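**Student:** Listed here are the chains, written in short residue letters.
Protein chains: 4
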Amino acid sequence: MDVSEFVNNLADSLVSWRRKLHQYPELGWTEYQTTYLIGSELVQLGYEIFVGKEALVTEERMGVPTHETLLAAEERARNQGVPEAWLSKMKDGHTGLVAKLDTGRPGKHITLRFDIDALPIAENKEGLADHLPGLHGFQSRYPHIMHACGHDGHAAIGLGVATFLSAHQEKLTGSFTLLFQPAEEGSRGAKSMVEKGWLDDTDVFLSGHIGISPMEVGEVVASAGGFLATSKVDVVFTGKSAHAGVEPQEGRNALLAAATASLHLHAIPRHSGGETRINVGTLHAGSGRNVIPDHATISLETRGETSELNQYMEDEASRIIQHAAYLHGIEADIQVVGKGVEAANDTGWKEFLEAAITHSDRVTNVMETLPLKASEDVTYMLNHVRERGEKATYFIFGTPLAAGHHHPLFDYEEKVLEVAVEVYVSSILSLLLEEEESNILL
Amino acid sequence: MDVSEFVNNLADSLVSWRRKLHQYPELGWTEYQTTYLIGSELVQLGYEIFVGKEALVTEERMGVPTHETLLAAEERARNQGVPEAWLSKMKDGHTGLVAKLDTGRPGKHITLRFDIDALPIAENKEGLADHLPGLHGFQSRYPHIMHACGHDGHAAIGLGVATFLSAHQEKLTGSFTLLFQPAEEGSRGAKSMVEKGWLDDTDVFLSGHIGISPMEVGEVVASAGGFLATSKVDVVFTGKSAHAGVEPQEGRNALLAAATASLHLHAIPRHSGGETRINVGTLHAGSGRNVIPDHATISLETRGETSELNQYMEDEASRIIQHAAYLHGIEADIQVVGKGVEAANDTGWKEFLEAAITHSDRVTNVMETLPLKASEDVTYMLNHVRERGEKATYFIFGTPLAAGHHHPLFDYEEKVLEVAVEVYVSSILSLLLEEEESNILL
Amino acid sequence: MDVSEFVNNLADSLVSWRRKLHQYPELGWTEYQTTYLIGSELVQLGYEIFVGKEALVTEERMGVPTHETLLAAEERARNQGVPEAWLSKMKDGHTGLVAKLDTGRPGKHITLRFDIDALPIAENKEGLADHLPGLHGFQSRYPHIMHACGHDGHAAIGLGVATFLSAHQEKLTGSFTLLFQPAEEGSRGAKSMVEKGWLDDTDVFLSGHIGISPMEVGEVVASAGGFLATSKVDVVFTGKSAHAGVEPQEGRNALLAAATASLHLHAIPRHSGGETRINVGTLHAGSGRNVIPDHATISLETRGETSELNQYMEDEASRIIQHAAYLHGIEADIQVVGKGVEAANDTGWKEFLEAAITHSDRVTNVMETLPLKASEDVTYMLNHVRERGEKATYFIFGTPLAAGHHHPLFDYEEKVLEVAVEVYVSSILSLLLEEEESNILL
Amino acid sequence: MDVSEFVNNLADSLVSWRRKLHQYPELGWTEYQTTYLIGSELVQLGYEIFVGKEALVTEERMGVPTHETLLAAEERARNQGVPEAWLSKMKDGHTGLVAKLDTGRPGKHITLRFDIDALPIAENKEGLADHLPGLHGFQSRYPHIMHACGHDGHAAIGLGVATFLSAHQEKLTGSFTLLFQPAEEGSRGAKSMVEKGWLDDTDVFLSGHIGISPMEVGEVVASAGGFLATSKVDVVFTGKSAHAGVEPQEGRNALLAAATASLHLHAIPRHSGGETRINVGTLHAGSGRNVIPDHATISLETRGETSELNQYMEDEASRIIQHAAYLHGIEADIQVVGKGVEAANDTGWKEFLEAAITHSDRVTNVMETLPLKASEDVTYMLNHVRERGEKATYFIFGTPLAAGHHHPLFDYEEKVLEVAVEVYVSSILSLLLEEEESNILL
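Residue numbers (our numbering), protein chains in the order written: chain A, 1 to 442; chain B, 1 to 442; chain C, 1 to 442; chain D, 1 to 442.
Okay, chain A solo, but in the shape it has when bound (with noise of 0.2 Å):
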C-alpha cells in the first residue's frame, strides 16, 4: 500500500468533494444536503450507514432550530433532489450519520471523526481573483451561509479516507467507525453521538481540524488541547407594551432587562482559578420606536479553562440574567442550547506520528501539541475515549489562512486535504500495524 500514491490519485476527488460541499452549505441540525451527498458516496464505498436517529439520541441534540427553520431547510433540499427516503428518516434535525466498516479480521476498532455543518455568515462577494471560491467559481449559493470554518474539507478528507478503508479492505484488520457529526458549531451535536454509545468499544479515536495561521501546509500538530469549556445560552425576555407617551408606567421594559443583563454578565468577577469568558454577542429587543418593548433576546456564551470555571460563570450568568428580568418586572427564558466541557492534548502522539509518516513528502513537521484557547465539542468524544484508558487524539492540519476563522473571506489551501488524508491513513496503518507486533508503543 503506496499512501502517498493512492492520495496523490484521490486529489482531484477531494477538491470536488469539497467544492461541492462549499456551494450548498447548511447551518447546524439542518445539513439534509450534505448528509445525503457524504451518505451516498459512502453506499457507493460499501459501508453500513445509520442515518436519522440511528445515529444519534434525540433528546441529547442541543440547540436544535424551530420546527418551521427545519421544515424549510428540509423543502430546500427536497427541492435540491434529496429523496423523500432520506427526509424521512432525517427529519426534524436528525441530521449527520455513521458509517462502519467491518474487516471481519480480529483487529483494533478504530473511530474517525468529521464536522460537517457551515455558519450563519455570508460569503464575501467581492475582489473574488483574491477569493478562491470566487475565483473558481464555487461561493456559497444561499445567502448568509457558508462554510467558514473548513468543516467542507473536514467532510472531503472523511471521504478520502473512506475511499482508501474501502478499497485496501481486504488487506486491512479490525473495524472502522466514521462519525460525520452534525452541529460542531455552538457545541450541540457530539453529546448526542456519544450518548448513541458509538465511542464505547472504540480503541483509538481520531479527528482533527484545518488551519490555525501561521502554520504552513505539511506542518501537522500531533495533538492538540486547551479546548475551553464553553456554555450557549439564549434568553427571552417578556415584558410588556406599553404607548412611550401616554402611559409609560403600564409597560414592562424588556429592552432595559436584557440591557441590565449584558452589562453586569460581563461584570462576572474574574475567577483566579483560572481564564474565563463572557460575551453577550446579540440583542435584538423591541417593536417601534414610541412602544415600551415588550420582547428582547440574547444570545450569549461563557467560556472556561476547566469544566468547572465555565460552570461558574454559567451559574454567575444565570442568577443575573434572571434577577436582570425580575429588576423589570419582568420573566427571563433560560436556554442552554449548546455545551462543550475541556480537554487536555495527550502525550506520545509526536513520536507516534513522526514514525507513522516517516515515507511521507507531504508531512514536513510534527508539532507536539498546541493550546487552542477555543471551544470544539469534539472533547465529548476525546473525553469519553480517554477516561474508558483508551487512546484518542485531535490533530491540527497546517495551512495559510485567506482569514481568520467564521470570516467572510476564510479560506484555504487545498492541498490541505491531502495532507489530512496522509496522516489519518497512515496514523491507521501505524496503529494496525503496532497491533500484529506489539502493544509497546501506544
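Keep in mind that the hints were calculated from the coordinates and are not lab data.
Here the structure is a predicted model, which means the values were calculated and not measured.
Do not take every clue at face value.
Heads up, the list lumps identical chains together, so a pair's fine if it works in one copy or across two of them.
Said to hold, decoys possible - Derived DSS-like pairs: lysine-lysine, alpha-carbon spacing no greater than 30 Å straight-line: (1) K125 - K91; (2) K125 - K240; (3) K373 - K240; (4) K240 - K196; (5) K53 - K108.
With chain A held as given, fit chains B, C and D onto it using these hints.
**Tutor:** Here is chains B, C and D on its own, set in the frame of chain A:
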C-alpha cells in the same frame, strides 16, 4: 345647500375610499399608491394638484427611508398600476400632494390637512368576525404594514370634503387648499409642507383626528390641545469586532454601548417644569454569539409638555449617548429623524362649532378641548398659522375603538367619517358666512 | 385686645427664643434640649404639658436613630443642663411635647402645630457679615447640625402664640392644644402624634411655614397645597468580602449592588398620572481599596403628586432594590424610615384671613394658595382633621431668604416671626368670635 | 560567630519591639512614632541615619494623605513624645528612614529593606484569649488602625539584623544599607526611595515577608515571584446639587456617575494575555436624602500579571471613569495614588540559602519559589537591582496565621521573627564569605 343630505349621499363613497386605502397601507415617504389614488380623484373633481417637489421642500423632510427601501416601494407601486408619470414626480420619497380650488370670488383662504401614512404593524389575522376589516375582507394586503391610526379614514374624509367643495364651488367664496400630508408617523412630514409656504397666506386652518376612546360617534372636540413636543432619534454605534474567546480585549463593544445608553437615557432626571418622556423603542446589536459586537442601533424618542422641555430631554439624551459610546471606546452617530413641536388648544371653537352645526343630527355633543398627551406634527401647522394671528384648530371626531391606536386590532366605526365631513363642511360654510356678515365671531 | 401692640412687646422675646434655639440645633428624635427649653417656658406660662410617651405613640415614630446615637444626644443634653427628670421622660427618642390650655368656657377646640427639629448640615462659617447668625454670633454650636429650614423660628412663633393665649385666657373661650412636633425632616414624627389622638376632637387645625422666596415679609399664603406624598427609605446591602487580587470570585459585591440599584431607581418610568420623584441621596460602600466590598448603604426618597403615585414609586423602588441585590448574589434590608402623605389646599381661607387681619399693618398681602411641590408630614394632620369634616389650613409666612431651605447659608428676616404670631392670634380670635356670632363663615 | 546563639539572645528584644510597634500602628506617610522608635534604636547601635528628605524624593511619593491628616498624625506623635527635632525632619509625610553601616573594609554592599506601615483596619476586640495581641495586652491603641499585615514584625526583624551587624562590625567586610520603607500598603513608598539612589550601587538586595498559610514556622521560600503589577487610583466626581423634589433637573448627579463608573469598570474585558484584576473598593457619595448628590469619591485598584496588562487595565479604567462623568454632565478628577510593577522570582537562591543555613535548626525547609498573585512595591527595588545585573531576592518566612492578611484577627507566631533574622544574617555572612573565596556562586 343641505349638508346633511349631501353627506348621506356621500356615505358609500367614504366607506369605499377608506376600505381601498386600508388594503394598500404605505409607510411614511412611500405613499406612492395612496398619493396616486387620492390625486386621481382630485383631478377628476377639478382640483389643481401639486405633487412631489411642487408640494414639499426636499431638505425639510425628516426620517426618509434608505434609497433601497424607496426603490422597492416604487417598484411595488408600479406593479400595482401607478403610472410612470406619477412615479417619476414622486420618486425618492416625494409623496403626498396639495390640491387647490379657487372660487374666483373674494373670501377667506381656508386650508385643511389630512395625513395619509400607515404604520409598521402586522394587522390582526385572527377572530375576524370581531375585526371589521377581517369581516368585510378589506384587511391590509401588505405584511407588517397597517392603517392602525385611522389615516385611511382621514384621507377618505379629505376626499369627501373635496367632493363637497367641488360640487358647490359656484356658490362658495374664497379659496381652498387641501394638504394630503405624508409621513405623519414619527413627526416627519408636516414641516416640509409648512416650509413650502402653503400656510403663509391662509386665513383659517383646520385639521383633526378620528378616535380617542371612550368617545361616542357624534361627540366632537372643538379644539384639542396638549400636544407633546417630540424628537425622534436614531443612533448607530460602531465598534470593533474580535473573537470573544481568543482576544476579547481587542474588541470595542457596540452592544454594551447601546445598553449603557439605553439604561442611562431612561434615568434622565424628571423635570419640575412639566411632563417629559423618554423611550428607547428598539435595540439591535451584534452578529454572532462568539464575536464582540461591532455594530448596534437604537431608535428612541423624547417628548415634552413644551418644546423647551423636549429640548431638555433631547440635549440630555445626546450627551448621554455620546459618552456612552466614548465610555466603551467607540463612536456614535446620532440622527434626529423626526421632530414635533408643542401646541395648545385655542378658545372660542366650541361656541363656533355649536353654532355651525345646529341643524346636524350627526353631531350630538361638542366638547371644548381635550389634552392629548401625544405628539402630532400638525403642530407645525397650527403654530405657523396662529403665530400669524390667524385661526387654527384641531378637531377630535369621537368613535369607539376596537383597540387602541397602533394596535393590530385597531378599528373604528365608519359612521365617524360622515361626522367628520359634516363638521369640516359646516365649519367652512359658517366661516364663509361670517365673512359675509361680519368678522366678529372668530 | 390689641394684637398688634401685644406682638410689638413680644418682638424681643421672639428673637431671643429663636437665636437660642438656633445655637443648639438637634436632629429629629434627639430634640432633648429643644423640648426642655420649650417645655420650661410653657410650664411657666401655666400650660399642662405632655412629654414623651404621653405625647406620642412609640411604635408610630419613623426613622428613629440608633440607640447609640440617642444615648450620645441624651448625654450631650445632660451636659447642657437638661434635668434628669426630663431626660428620663424623653429617653430613647421620645422628644417633642404637647401643651394644653382650657379656658373652661364653651367654645372651639383649636389646635396648632409647630415643628422643632434641625438638619444635618454644617452651617456656613465664612463671610459672616452677610450671614445673620454669623453677624450676631448665634450660629450653630454643633458641628454638622443646623436649623436650615426655619424650625427654630416655628418653635419661637409657637412660644409667642402660647404667651398671648396664656396672657388673655380669661377673655377667651374654648380650649387650645399646641403640638411641638419632633422629627418633621424626613416625614417621621407627625404620624406618631396623630395616632395619639390629639386631633380627634379638634375643631380647627392651624400650622404653617416661614419662607418661600421671592415673597416679602408681610405676604401670607392662606392655604398652601400641592404637598407631595413621600417615602424615605434606607437600604443596607450585605455581601461578602474577599481579597480583590487573590480570590475575587469569592466576594459578593455590595458596592456594585448599591450602584445597580441606584442607576435603576433613577430609571423608574415616568407616570402619566402626575408628577413623581426619585433620589438616591447618599451611597456609602466598602472598607478598603483591595477588598471586595461586603457592605453598602443607600438612603433614598420617592415622591408623588398623590399618595397613589408615591406608592407606585415606592413599590417600583422596592422591587428594583431587592433584585439588584439578588442579581449580585447578596441580600438587601429595606426600611421605610419616613412617610408623608399628599394634601391639597382648602378654600375659603383667603377671605377668612383678610377679614381676620383687617387692623394689621404687618400683613400686607394675602394670597389664596401656592403649590408647594414639597413634602411635609403636617399632611397627616391636615388630612386627619379634614376627613372628620373640620377645618384645617397651612399658612406660608413670606420672607426673603439669604439662601434656599437646607442650604448652609439659609437665613430669613426675623420680622417674619411677628407676622406669623399676628396671623395665628388674629385667626384664633376671629374663629372664636364667629362662634359667638354665627357658624356661617368657616 | 554563632548566629543561632546570637538569635537566641535576641529573641526577647524581637518580641518586645514587635509588640511595642503593634500598639502604635500608623498608616502610610504618617509613621512618625514608628520611624522615631526605629531610628532611636539605630542611633544607639551606631548607624548613620537619614530621615525625611534625606531618605526619599518628595515628588516620587504616591498617595500622600491630606495636609490636615498629616498634621493630626504629627500632633498625635508629638503627644506620644516624639521630639520636635524628629518631627521637623519628617513633617508633611516624610516618614521612614535609611540606616548605613560601613565596615571600612572592602566587600559587598548589601541592602536590606523592611516596610513599616499599618492598615486602616479596626483590630478585633472579641474572643481575646484566641487573639495573641488581646491575650498579651498589646493590641492596637489606635481605633481603626492595625498592623494586620505583619509590618510590625518586619521592622522588628530589621532591628534584629541591625543589632547583629552592629555587634559584629569588626569582623565583617563591605557595607550595609537598611531601608525602613514607609507606605508599602497601596504601593506608595518604594519608588521614592529607589529614586533617591539608595540602590544604585548595591551589590545584593534582600527583602521578605512573613506569613502565607499554610506554611509552618521554619519553612522559607528562597525567591518569591508572581508579583502582580498594580495601580491604585482615587477619583473625585464633582457635580451640582439641587433639591430633589423642587428642581431635580438642575442637579448634576455625582453619585450616579460613580455608580456608572463602578459598574463599567468591573466590565472591562478580560485579557487573553494573562491575569488581570479590577476592584472599586470604596464609594462614598451624597450629603442628604433629598439633595441631588454633587460629590462622590471612589478608590479602586487595577492589577495585571505584567505591567503591560496592568497598564491595559489602568488605561481602560481611565477612559471609563472620564466618560462616566461626562455622561452625567460632570467632571472627574483621577489621581494615580500608588503603582506597583511586576516582578518574577530569580533562580539559584534555593541552593544558596540551603548552603547558608546548614547549621540552623530554625530553618526546616527551603522552597524554591511561590507565585504570590499579590502586589508589593518592593518590585521597584527588585527590578532596579536586577536590571543592573545584580542579585536580589524576596524571601517568604512561613508561619501559621490566625487569620489572613488584612483581617481584624490577623496574627502570626512570633517565632518567625527569629527565623527571619537568622535567614538574613546567614545570607549576609554567606555572601561576604563567598566574596572572599570566589565570585562563582551568585
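**Student:** Of the hints stated earlier, which fail here?
**Tutor:** Hint 4 contradicted; others consistent.
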